[in-house]
Amino acid sequence: MLAVIDRSGPVRQACDDSDPIWDAMKPLIPFLLAAAIAAPAAAQPSAIQPGYWETTNRVTSPFPTRKVERRCIKPSDVAKFMEGPSNHIYTCTYPTRQIADGKIRLAGSCKTREGKPVPISGQGVFTSDSFHLDARVETQVGGVTIPVRASTDAKRLADACPAEAAG
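Throughout the sequence shown, residue numbering follows UniProt numbering, covering 1 to 167 in sequence.
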């Protein structure tokens with residue numbers, strides 16, 4: 001929206017050319033207009049960009065671990081990466097999956113082939129070149145509920161994947 005300042009009426013006396021406030025504001029007008037025009041362009045992306053990524057997965061409790069890997073995320077892999085953890089060991093479903101405006105929120109359950117589903121939830125933020133997700137899992141071991149806390153941090157290293165990672 002563009003505002004037009006009408007300086008022809010009674011406001012002119014309050015904001016005429018000799019007014020120090022008006023004099024201080026005049027140089028800012030081009031910057032304010034540029035910011036208003038650029039605001040839609042600065043909107044958050046709806047997903048990460050494909051490319052070569054470094055991912056750091058951490059379990060912070062009950063037993064801290066850390067794993068760093070570099071991998072190629074192809075355009076066809078972006079949605080799978082964004083939709084939450086799932087791999088060859090466990091399968092996860094997320095009835096709650098909100099991914100928009102640079103934010104992500106997941107809630108669902110994961111299970112191994114032989115195990116019962118355990119609740120999992122996560123929330124985080126992302127840009128086209130970065131991703132952060134904090135996750136919580138409540139698992140049962142011998143009838144005792146064990147809260148597990150984990151996180152994933154990822155950063156895009158390059159647009160293109162090295163030949164050895166592109167396979």
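By construction, these hints were calculated from the structure, which means they are not laboratory data. Check each hint, because a few of them may be wrong.
DEER-style ranges, computed between Cβ atoms [said to hold, decoys possible]: (1) G102 x D77: 13 to 21 Å; (2) A158 x K116: 38 to 46 Å; (3) A163 x P119: 16 to 24 Å; (4) K67 x A107: 19 to 27 Å; (5) V68 x T127: 17 to 25 Å; (6) K74 x S130: 13 to 21 Å; (7) P64 x D159: 31 to 39 Å.
For glycine and all other residues, C-beta sits at the position ideal for the given N, C-alpha and C.
Hints and how they fare:
1. G102 x D77: 13 to 21 Å: holds (20 Å)
2. A158 x K116: 38 to 46 Å: Once the Cβ atoms are compared, 41 Å apart, the range 38 to 46 Å for K116 and A158 holds.
3. A163 x P119: 16 to 24 Å: violated (41 Å)
4. K67 x A107: 19 to 27 Å: Check passed, 24 Å falls within 19 to 27 Å.
5. V68 x T127: 17 to 25 Å: holds (20 Å)
6. K74 x S130: 13 to 21 Å: The hint (13 to 21 Å, Cβ to Cβ) holds, given that K74 and S130 are roughly 18 Å apart.
7. P64 x D159: 31 to 39 Å: holds (33 Å)
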